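Protein chains: 2
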Amino acid sequence: MTQVDVRIYEVGPRDGLQNERAAIGVDAKLQFIDLLADAGLREIEATSLVSPTAIPQLADADELLARLNRRPGVRYPVLVPNARGLERAVAAGAEAICVFTAASETFSRHNLGMSISESLAAFAPVLAHAGEAGWWTRGYLSTAFGCPYEGPVAEAAVVSVAERLLAAGVDELSIGDTIGVAGPSDVRRVVRALNGAGIGQDRLAMHFHDTRGTAVANVSAALDLGIRCFDSSTGGTGGCPYAPGAAGNLATEDLVYLLDREGLRHGVDLDGVLAAAAFISDTLGRPLASKVGQAGGWPA
Amino acid sequence: MTQVDVRIYEVGPRDGLQNERAAIGVDAKLQFIDLLADAGLREIEATSLVSPTAIPQLADADELLARLNRRPGVRYPVLVPNARGLERAVAAGAEAICVFTAASETFSRHNLGMSISESLAAFAPVLAHAGEAGWWTRGYLSTAFGCPYEGPVAEAAVVSVAERLLAAGVDELSIGDTIGVAGPSDVRRVVRALNGAGIGQDRLAMHFHDTRGTAVANVSAALDLGIRCFDSSTGGTGGCPYAPGAAGNLATEDLVYLLDREGLRHGVDLDGVLAAAAFISDTLGRPLASKVGQAGGWPA
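First to last, the sequence lines map onto chains A and B.
When the letters of the first sequence are read in order and numbered with the working numbering, they come out as residues 1 to 300.
When the letters of the second sequence are read in order and numbered with the working numbering, they come out as residues 301 to 600.
Isolated chain A, as found in the complex (with noise of 0.2 Å):
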C-alpha cells in the first residue's frame, strides 16, 4: 500500500448493500467494487458467506468471489460466520476474512441467533484456520454504543468480548456504534476503556453509522485518540432496519471529504468515491444519503 496517514475500510458491498432492499445483480457488484478500487480504496470488504436465506442480498458470494478481479495491492475481505463459511471462503481463496459478534446478548441473540459466547464458538474454527493459513482477520464487535433492545451498554461489556476476540485470533477489532447513537465523549469513553485494558490503537478500526449526525464528529474524535483506521460505505449505503428512513453508514464522500480538510493522507480519491456512489445510487434507484454525496467537494 501507498503511505497513509488513516486507512479506509470500504465496507459498502458488504455492510451496505445488505441491509438494501432492492436486489443488485452480480455484475453490478462486481463493477461497484471496481469502482471502488478505482477510487483508491485498498479494503474492500466484498461479501458474506452467510447463509443465502439468512440475508439473500449476499446469496451470489460464491458467484462474486469467483469472478472477482482481485488487484496487487487491494485487500478484499470477506464475513465468514462459520465452518460452513470457511468451507466456501476456502474455496473461494480467500486471504482476509471477518467474525461478527456484538456487546450487548440481546443484540446477538436476536441478529444472530445465539448468544455472545455461542457466536465466538461458531466462529473459532474459522479463525484457527485462518491463523494457520497466514490470512489476515478481523473481529466486528456490534452495538459496542448502544442496543436497539438494552439500551446503553457498559464500556466493560465492550473490553470484555474485545478481549474474548484478540484471544480468539484477530488481528484488528471493528468496534461498532451499529444504530448510530454515540457521540464524542462515548467515543473516548469506550475507546479509553479499551486502552486501559492494553489495548492500543493499532489493533482498533471505527466503524460509525450517520443514524443521528455523530458520524463524522465521532471520527474527529477518535482521529484525536490517535486511532488510524475507519469503516464506511461508499454512498452511505446501509440504512438502519431499526429506524425506517434513518440514514446508514458513514458515507465514504463524507470520511474522505473531512480527512482531507483536515490533511490527513488516505490515498482515495474523492472523485472517484462520487462516481462509485453515483454508480451505487443509480443501481439502487434512490438519491445518495451522503451530504458530499449531495453538495460535491470544495473547492470545486
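Hints in this document: simulated from the structure, not taken from any laboratory.
The structure displayed is predicted, hence computed values, not measured ones.
Ideal placement from N, C-alpha and C gives every residue a C-beta, glycine not left out.
A few chain A residues that face chain B, going by a derived Cβ cut-off under 8 Å, partial list only:
1) G146
2) G151
3) G213
4) Y257
5) P299
For chain A, the structure is supplied; the task is to place chain B on it using the hints.
Okay, now just chain B, sitting in the frame of chain A:
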C-alpha cells in the same frame, strides 16, 4: 434565563426560511416561533427587516413583529441591514438586533450589493442607535471559512472584519461557515486567530452549515475550544443557493442530540424541537433535512 452550559441560538425563522422557496404565511411563522419557544429555545431570530423585494419570503416582517407573542425570558432578535430597517425595528419595539457582513469581499458584493466597508457604513447608524437604546446586538461574519467565489478565506480577513464589527459596537459575533466547507482544523485555526487578536470566547458564536456533513464535528471542535453559543435551524431548513439539494443550516435537533450526548445543559427539549421541526416540514411540504428528525432521539 435558566442556567445553561451552552446557548442554542435558533435561526430557523430567519436564516432558515429565507432560503426556502415555498411561500409561508405569517400565521404559520408565528406558530413555528411559538413551538420553538415551547421547546425551551430562549433566543429565536424572528425575521429580517430587509427590503421586501430583496427577500419576498420575509416581506411580512413588520406584521410578524407586531403580532409576535413575546414571552418573558425569550429574546427575539431581528436582522436590520440599514437605516430604513432601523426605522422599522424601532416601530416594532425591537430590543435585540443583528447586522450582517462577510469576510469575503466578493461575497459581500454579490450577496449584499456593496463592499464590506460599505456594509459596515450601512449599518453604522443601526448599531449607534442600538448602543443608545441599550439593545442587544450581534454581528454576522459570513464566509469565514470559505467563499463560493473566492474559495478559501484567510483567517486574517476574518480577524480584520471581526475587529471592525466589535469596534462598531456589536455585543456578539457569529462566525459563519456560510457554504458548509469547514472541518474541525479550520474551526481551530479561525477561533485561535480571533483569540490571538484578543477576541475571547465570550464574544463568539459559531454558525455552521451542514452542507458537507461536518457541522456536528465542527461544533464538537468548538466546544473543545470553549465556545458556548451555536446557531442552528430547527428542521435543518435553509439549503444553500450554491448547491441545489444540499443540506442547509445545522439542524437544531442534531445540535441538541449532540449536546445531550455530551452531557451539556442547554435548556431545550428534543421532543419539543422535533415537534416544531415536524410542523415546519409539513408547512414546507418536504421531508426533514436533519438526521435526528428522521431517526428520532435515543434512548427512544
